[in-house]
Structures are given as structure tokens and as C-alpha cells.
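Those sequence lines, one after another, are chains A and B. Sequential numbering of the first sequence, starting at 1, is according to our numbering. Sequential numbering of the second sequence, starting at 1, is according to our numbering.
Hints are computed from structural coordinates only; laboratory data are not their basis. None of these values were measured; they are calculated from a predicted model. Idealized CB from N, CA, C, for every residue including glycine. Be aware that a few hints might be false.
As the list claims (entries may be wrong) - Stretch by stretch, here's where chain A covers chain B in the computed footprint (C-beta under 8 Å, at least three residues):
1. 355 to 369
2. 413 to 420
3. 542 to 550
So the chains spell out like this:
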Amino acid sequence: MNIDLSRRGFLKLAGAGVAATSLGALGFGEAEAAELAHVRGFKLTATTEARNTCPYCSVACGIIMYSRIDDETGKKRIVHIEGDADHPTNRGTLCPKGAALKDFVNAPTRLTQPRIRKPGADAFEPIGWNEALDKIARALKDDRDANFMSLNEAGVPVNRWTTTGFLAASATTNETAWLTYKVVRSMGVVAFDNQARV
Amino acid sequence: MTNSWTDIKNTDLVVVMGGNAAEAHPCGFKWVTEAKHHRGAKLIVVDPRFTRTASVSDYYAPIRPGTDIVFLMALIRHMIENDKVQWDYVRNYTNAAYIVRDDFGWSDGLFSGYDEEKRDYDKKSWDYVIGDDGFAVTDPTLENPRCVWQLLRAHVDAYTPELVERVCGTPADRFLKVAEMIGECSSPTKTMTSMYALGWTQHSKGAQNIRGMAMLQLILGNIGVRGGGMNALRGHSNIQGLTDIGLMSNLIPGYLNIPTEQEPDWATYMKSRAFKPLRPGQTSYWQNYPKFMVSFMKSMWGDAATVENDWAYHYLPKLDVPAYDVLRIFEMMDQGRCNIYFCQGFNGLLAFPDRGKVTRALSKLKLLVTIDPLETETSRFWENHGEHNDVDPAAIQTEVLQLPSSCFAEDEGALVNSGRWLQWHWPGAEPPGEAKLDTWIMAQVFLRVRDLYLKEGGVFPDPIVNLTWDYADANEPTPEELAKEMNGRALSDLSDPADPSKTLVKAGQQVLNFSQLRDDGSTACGCWIYSGSWNENGNNMARRDNSDPDSTGAFANWTWSWPLNRRILYNRASSDLDGNPWDDSRRLVWWDGAKWTGYDVPDIAPTAKPGEVGPFIMNQEGVSRLFSRGLMRDGPFPTHMEPFESPMANVFNPAMRGNPVARVFESDVARLGDSAEFPFVATSYRLTEHFHYWTKHNAVNAALQPEFFVEISEQLAAEKGIAKGGRVRVWSKRGEVWAKALVTKRIKPLICDGKPVHVVGIPLHWGFVGAARKGWGPNSLTPFIGDANVETPEFKAFLVNIEPAAGEAVS
Numbered sequence: 001m002n003i004d005l006s007r008r009g010f011l012k013l014a015g016a017g018v019a020a021t022s023l024g025a026l027g028f029g030e031a032e033a034a035e036l037a038h039v040r041g042f043k044l045t046a047t048t049e050a051r052n053t054c055p056y057c058s059v060a061c062g063i064i065m066y067s068r069i070d071d072e073t074g075k076k077r078i079v080h081i082e083g084d085a086d087h088p089t090n091r092g093t094l095c096p097k098g099a100a101l102k103d104f105v106n107a108p109t110r111l112t113q114p115r116i117r118k119p120g121a122d123a124f125e126p127i128g129w130n131e132a133l134d135k136i137a138r139a140l141k142d143d144r145d146a147n148f149m150s151l152n153e154a155g156v157p158v159n160r161w162t163t164t165g166f167l168a169a170s171a172t173t174n175e176t177a178w179l180t181y182k183v184v185r186s187m188g189v190v191a192f193d194n195q196a197r198v
Numbered sequence: 001m002t003n004s005w006t007d008i009k010n011t012d013l014v015v016v017m018g019g020n021a022a023e024a025h026p027c028g029f030k031w032v033t034e035a036k037h038h039r040g041a042k043l044i045v046v047d048p049r050f051t052r053t054a055s056v057s058d059y060y061a062p063i064r065p066g067t068d069i070v071f072l073m074a075l076i077r078h079m080i081e082n083d084k085v086q087w088d089y090v091r092n093y094t095n096a097a098y099i100v101r102d103d104f105g106w107s108d109g110l111f112s113g114y115d116e117e118k119r120d121y122d123k124k125s126w127d128y129v130i131g132d133d134g135f136a137v138t139d140p141t142l143e144n145p146r147c148v149w150q151l152l153r154a155h156v157d158a159y160t161p162e163l164v165e166r167v168c169g170t171p172a173d174r175f176l177k178v179a180e181m182i183g184e185c186s187s188p189t190k191t192m193t194s195m196y197a198l199g200w201t202q203h204s205k206g207a208q209n210i211r212g213m214a215m216l217q218l219i220l221g222n223i224g225v226r227g228g229g230m231n232a233l234r235g236h237s238n239i240q241g242l243t244d245i246g247l248m249s250n251l252i253p254g255y256l257n258i259p260t261e262q263e264p265d266w267a268t269y270m271k272s273r274a275f276k277p278l279r280p281g282q283t284s285y286w287q288n289y290p291k292f293m294v295s296f297m298k299s300m301w302g303d304a305a306t307v308e309n310d311w312a313y314h315y316l317p318k319l320d321v322p323a324y325d326v327l328r329i330f331e332m333m334d335q336g337r338c339n340i341y342f343c344q345g346f347n348g349l350l351a352f353p354d355r356g357k358v359t360r361a362l363s364k365l366k367l368l369v370t371i372d373p374l375e376t377e378t379s380r381f382w383e384n385h386g387e388h389n390d391v392d393p394a395a396i397q398t399e400v401l402q403l404p405s406s407c408f409a410e411d412e413g414a415l416v417n418s419g420r421w422l423q424w425h426w427p428g429a430e431p432p433g434e435a436k437l438d439t440w441i442m443a444q445v446f447l448r449v450r451d452l453y454l455k456e457g458g459v460f461p462d463p464i465v466n467l468t469w470d471y472a473d474a475n476e477p478t479p480e481e482l483a484k485e486m487n488g489r490a491l492s493d494l495s496d497p498a499d500p501s502k503t504l505v506k507a508g509q510q511v512l513n514f515s516q517l518r519d520d521g522s523t524a525c526g527c528w529i530y531s532g533s534w535n536e537n538g539n540n541m542a543r544r545d546n547s548d549p550d551s552t553g554a555f556a557n558w559t560w561s562w563p564l565n566r567r568i569l570y571n572r573a574s575s576d577l578d579g580n581p582w583d584d585s586r587r588l589v590w591w592d593g594a595k596w597t598g599y600d601v602p603d604i605a606p607t608a609k610p611g612e613v614g615p616f617i618m619n620q621e622g623v624s625r626l627f628s629r630g631l632m633r634d635g636p637f638p639t640h641m642e643p644f645e646s647p648m649a650n651v652f653n654p655a656m657r658g659n660p661v662a663r664v665f666e667s668d669v670a671r672l673g674d675s676a677e678f679p680f681v682a683t684s685y686r687l688t689e690h691f692h693y694w695t696k697h698n699a700v701n702a703a704l705q706p707e708f709f710v711e712i713s714e715q716l717a718a719e720k721g722i723a724k725g726g727r728v729r730v731w732s733k734r735g736e737v738w739a740k741a742l743v744t745k746r747i748k749p750l751i752c753d754g755k756p757v758h759v760v761g762i763p764l765h766w767g768f769v770g771a772a773r774k775g776w777g778p779n780s781l782t783p784f785i786g787d788a789n790v791e792t793p794e795f796k797a798f799l800v801n802i803e804p805a806a807g808e809a810v811s
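Bound conformation, chain A alone (with noise of 0.2 Å):
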């Protein structure tokens, strides 16, 4: 239920109903009546629930993130992040950073399309995600071409590529990681490195 609403609609029956005066005698003046109207509704009404785990630091605070649809984008999009007091290692507590998190998630610089940055131009341009990713692949697929080393000066069978490298992250899932490593392992692809490095 929704307590400005209701708050409302309490003052609207009051209005018009038997106790008028001795409610404005209580102090429901209209200065007070239209404070009230701008009472914001509780915040977690109609939202959704989801466990989740803070991505920053590796002590992986339990959290609970509150979503609902968002009117212009008919997406789902998170309201609010606590921390999870059933959660054995943060009972519910958060640090400056978690505190922040819906912040992060709903960030300005969260990026929403594909872009490109030409040679030598000084801004991106919009780019659409199949001409990307088939730009993506033939150069992949050229340079492995042009530069695989199947054999070494001695003979040797050594399947590597040198010329193309992959940096993973390091907040992805275990199952983004396992993907990852299945796609740039069979391409023989030896500069391949995460952010433990650093």
C-alpha cells in the first residue's frame, strides 16, 4: 500500500467529511495539507527482490537489491541495494562503497550502445552490434590467419598466437570467466591475462 495515498486520502475525507474544524484545530492547516501531498511514497512498494553480492572489493558482502519497471524504459531497474542481514559474513552491513551501489548501477557513464572510434577521429560514432561483431571476427580471423605459428624453427608443434591478446576481468562470473577461456583458448591465444596480474 501506498502511505502518501493513503495519508491523502485520510485528508480528503477529513475535508469533506463531519471533523473539519477540530482537525485544523489539530494542526492539519493547509500549509500542513500540501506538505503532506509531496510526502513521498515508501520506497520499496511494488519492487522486487534479488540476493546478490557486492562487485568491489573480494570480502563479497551479501546484498538485496530492490527493482521495479521502469516507466520510460519498460525495463527493470534497481531502486535501492541494502546490505543482507542474513548475509554470515556482513550481517547486513555495508561500507562507503556498498552503501553506494545503486549509484554504480545507474551510473551516467553506464554505456548503452556499440561504438566505434575510426582511425584518427576524435570522437565515437554509434555502430550497431552485428556490424561490430562481424568486424570484430574477420579481423580475428585475418590475423590469426596471417600470424598463427603452427610449427617452431625446430619443428615443433606450438598452435600459438601472439599477435592478438585478451585482458578478462575481474568482477565477471565464473560462468562469463569458463566462456571466456573456451573462446580464447581454442584460438590459441597466449596473452591472455586477468586483473590478479596487477
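Position chain B against the provided structure of chain A, taking the given hints into account.
Chain B only, in chain A's frame:
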């Protein structure tokens, strides 16, 4: 971590050295507070800066950046000299008794076998004497002058409290107080925990810093026990997982290795991985290597991996160098030998040392692909931001594709915390705009490349076209499918080894755990150490039972930890040789007369008799190593090495610069500075209000710490005429930055070798995109040199100069 965050409550003494948990891991640090309040535990902090961890410590000692080995070896010397040794542990659970070859020795700060030309050691002499029976020779009395214990004693003899004062700048009385507090933990009923982070790893000898403390912990009997351990506080939410799954140049998931050119076939590769026990009756668990390796190959290439083709051994690349780590690949890029580079959620322009070189290298690429939820400096390295990124876009011919990905709140799967817990999480929203899940992006890249090979042919398409890709929707592999693949399954019916008439696992079923993996091709498993995480019982990583019987801190039914849901590694060492707990109030795993039992999954075969099988089952010795044989490039014992840029010469060998075996690229030699030109020691660190380069995108954190600053002592400020809050220029041989000066009492000058040493602290959270003000990071200044074993760059000790700059002081 050998232990877990929640286990820290069981400790008697916390030593934070090489980290700053109160600020960088605040909610984990609460378990230190818990131990202090409820157990009366003490906290010691050794750090160049009086951090917030130090501010709640019981004792603080300052130290010059990059001299930790001197401090640690002096602690070991103190324990030996003052009989602060848990003797039963040292005698039975370490290699103290092992006899070392006669030709092993050291002089002038170098071990036997050094080749200056190659900057490498011939490590042949760093080994045990092997008897005629094929086993290592030991002297359980520890009296033989060539036993590890006597050699260690001789090695640490030079590391006196006076040497600590001279080299580390730590006053001798402060060192002694720390040593006394630590010495109390040699009792079997007292434990100490070591909490460290990048303050120890980001050195040209980072791995040896950690070994130094691990050795001390073994001498005190603190490994494998509740409240003890070596606890690496990982800096990111899943670098533990990314490393477990082997996303590094030389790794295969589960800490298996990519072959080298010296291993041209399967037989040769396996020959050096026999892991024959070095003492009678020992487990030497790595003897199972072939089972894990074959199962991995089957997971990758299915039917294309057969016994006839050596399980598709040649589908794997063979390395000609130890690793194509990031420093090597950026060196190659700078030489024009790398054309395409992907950055998936990794902001290299701010993360790698010598930013000038990084920019130059990226500018030579043909194509850079970034995959990130956020704008990054890396994806905009070509964009001019005045003094903050002074480049000419027209001169940079690199094409950049910036792909928008989901963030944690929008995807599902597991992250591995520092304590090895694989915690499943669920999405709460959808990625914004056209942003996509990382799994979708990787699948698209792969499917399109595979299609091109299928259509056009090309060079060695076999490992690509034969890669297992049996997902229900090829375009969108699900987290469930991928997690199950890592757990592993039977490819044909597995019979029970104890009774071959019975079927243990039916074809197609998930294996229970890695004990069911086979080396005959009948099982597939992507990452053996994760085997058990999603078996026929379901997704164990999603378990949410937070009960903790007898309040041990184990939380054994909360999610799942590797290996086998074990919460404390080496936990058999929590009991004595007969299998009785060292400390009855901190029972963990014990022998009940017939088998091992306890609060945790025993780290030993359940029926291995006490006294016969040693507790360190992953080692060929069955015991832990105070002497690490040839396993590390820079010595079987840690020895003092100065940082590559240091205000003083190495006291053991003034001609030796840095780590004598660390790799230095030719082009970087001229980019190293000396103390005449750069008299001040700089070190990098995190602030509690920021996470790396992410939170500067967020208005709240950007407001809390809006602007780049450097931290200096009042004495240095006075010497240089720097006002509080004034603008300064800081420069090294490689670059320069401008910052506000935070003049503080938290950093004080140290006296090293009779001379004052000033330390400049440089936090790392600013760049040129996001909500915070534009700034720089330490990587504009740091040297392009990594640790000799693992190539982690030396961010924690380097040289700079500082001067006041034009601009008004803010305070």
C-alpha cells in the same frame, strides 16, 4: 585465503602487514573487531603509513616500503633465538628435517647458481639429498648442519633487530615489541592470522614477501588451524575465480599448466608431472594430475579428444616464454608486434605501470575492443583531455570498438570471495539500452569466427571448429549450463572401483566431485577444483543455510567453497601427530579412532592413519616447505632485495639492483631513476571511499573524495615549502602528475642507514572520465617491472621527486 573472513573471529593475534583491511575491506575487517572484543585478540599493523587499520591497532610499527623481507626474516630469527617455536609442528609438519644438497649455499645476497648474464639461477643445488631408496633423506633430530632447519637458522642470522632498524627504518624497540607479541603465538593454544593484500604483492619480490610470512606461520604452527592461516585479501570480487579458472597466459583451470615448447608431446608433458612422493606412504595428491587434465581436454573438445591423438594435446598452444603476461604483451605492442587487443572489464590505461608507455603501445594497435559496463579511460585513450590525457587523436590510427556489457546487478552466476566461497547471485534488472551480457558477447565473437573458419577454411581451424558448444541456445549459453560444465559429468557409465559390477555414475550424470574423475576419457570436467559445486544434488553454490553449529565460524552450508566445500585448507594440521586437537577450545578436524571427523571437510583421506600420512597432501613431501626447493625463481629462502628504485643500496651486495632475476626489458632500463634525482620513496594505495576506477562514476563516492591528492609528512612539506592543501608536482623518471598535497601526521620520515627517508603516498582512484574531478593515478609514475615469479608490477615502492606548483592552497 587459507581460512575465511568469518574464521578471523577465532584468532588471538591479527598481523596486518602489506594491507589496510579497515579501509580496503571494511566489512571483512569487522571480524577483526569481533576477535578483539570477544576474544581479547590483539592487532598489530606494520605499514609505512599510519592507516585507519593502524588507528585501531594495539601496536603499530612503521616500515620503509619494499623492505618487508628484512622484517620477516628478523621475526623468524627472533623465534628461533628465543625458542618461540611450536616444535611438534615444525618437526612433523614441515620439511625442517630434510637434508639439503652440499652444493647449496649463499653469499653476497645471492644463492648458489646465479648467472648474471642470464639474470637467472641454475636451481639444481636448491634441492634435497635423495637416498638410494628414492626418498628424501631426513634428520628428525634437526641437528645435521645441512638440514633445512639449520640452514634456515644460518640464513636468518644476519637479520638482527639492528639490521631491521638500519634497512626498514623501524626502530629496534618497536620491532622487538612486535616480535614478542608474535612469539606468544608459538603456543599450540594461541593462533595468529596474517592479513595481507597488494602491499605485499606489488613488489619485484612480492611472492617472497608472502613466503616469508608463510614460513613464520609454519614455525608458530598457525597453518590449518582456526584463527590462523595466510589470508590474502583479494582486491576484486572475482579475481580469485578468474585465476582459479586459469584466465592467465600459462594456466589451465584448476592450476594446471599450459605446456611449453620443451614438452612436444603428451608423454613428455606428463613425465614432469608424476609427483612421486618424496617420503614413504605420502598422498602427493597431484598424482591425480592426468585425471584432471584428461577431463579438462574432454570438456573442451569432447569426441575430438581421444587417447589416439593424445587427448588433442596439440590443440593447446605451447609457450616459448614463461608467460605472455600483460607487461610482456604491452612491451610487444610497443614494438608493433601486437595487432588486436581486448579489454573485458579491465581499465588498463590506469592499471598498468608507466602510463606513457601504455598509451604509446595502445596507439600502435590496429584494433582495440573494450567490453565494459562503464566508460573507461582505456576505451578513450586516444581522446585529448588536456594535461590529463595529452594525446593527438589524429595521430592515433587505432580503431576502437566499445561494447556495452551488463554489470553484476543484471547477471547470474557465482563469484569467488577471498575465502574461496563460490556464492551464486541473481539478477535484479536488465542491462540498460543495448548493453548485453558478457556471455552473449563472447558467444557471438566465437560463433562468428567459427563460421568464418567453416566457410573459408584457414590456419589450423581444428580447435575452434571442434570446441564443445552443446548449449541449448548456441547464442546464449546459460550460467547453469556453464557451471555444470565446470563441475563435470560422466561421458559413459563409471563403474565403482571397489566393486566393478556396480555403476557409480551413469553416463550423462554430473560427477559428485573430482574424486570420480578418470584419465581414460570417460569423464569431462572444466575446472576440477570446482567439481562438486553443481552435482546431482543441484546448485550447491546457491545454498543459503547460515547456521553455524557450535559457532566455529565455518558456515559449512552457506554456498560452497573449493575444494570439496572445505573451509580451512590444511585443516588436518589442526591436530597433533596422533590426531588430537592442539587446542581443545578450537577443535576443527580430528581422528576419532577410525577416521577423520570434525567441523570441516578433512583435508586428508578420511581413513589415512595419523602419524603415517602427512597433513600437506598436495606436496610430494606430505609436509609444508620452509625451504621451497626450485619452485621459486629468486631463492628457496626469501632474502633481502631492494626495490628497483631505492634510496639505499642493498646491504648484502651494494652492486645488486632490485631483484637479481626479475625481468627487465631493454627499453625500460633508461626509464629507471636513482635517488640522486628522485630522493623520495613513493607508494600507492586505495581509499575507503573509492573502489578502483569504478566509484568515480558515482556521484556519492565522487563527492566523498572528489579530487586527486598525494599524502606527505609535515617534515617533507616544510622542507619543500609545500602548503597544506597546496598544489604540487610529483614526477618520476617516467612521468609527472599534479595533485593537492595532503600534509599529514600519518606519514613520518624514517631513518634508514642514518639518513632520513621521506615517503609520498599516492592514491589510485582518478582518471579523466566519470563524476569525480579529473586527475591522475600512480601508474603515470611507476616502473614497468614485475615480480620475478609472477610479474605483478612494482607499484608499492618507487622513487619520485616533489615540488610546489602554481595554484591556490585549499586549506
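Quick rundown of the hints versus the structure:
{"no.": "1", "hint": "355 to 369", "in the structure": "holds (count 3)"}
{"no.": "2", "hint": "413 to 420", "in the structure": "holds (count 6)"}
{"no.": "3", "hint": "542 to 550", "in the structure": "holds (count 3)"}
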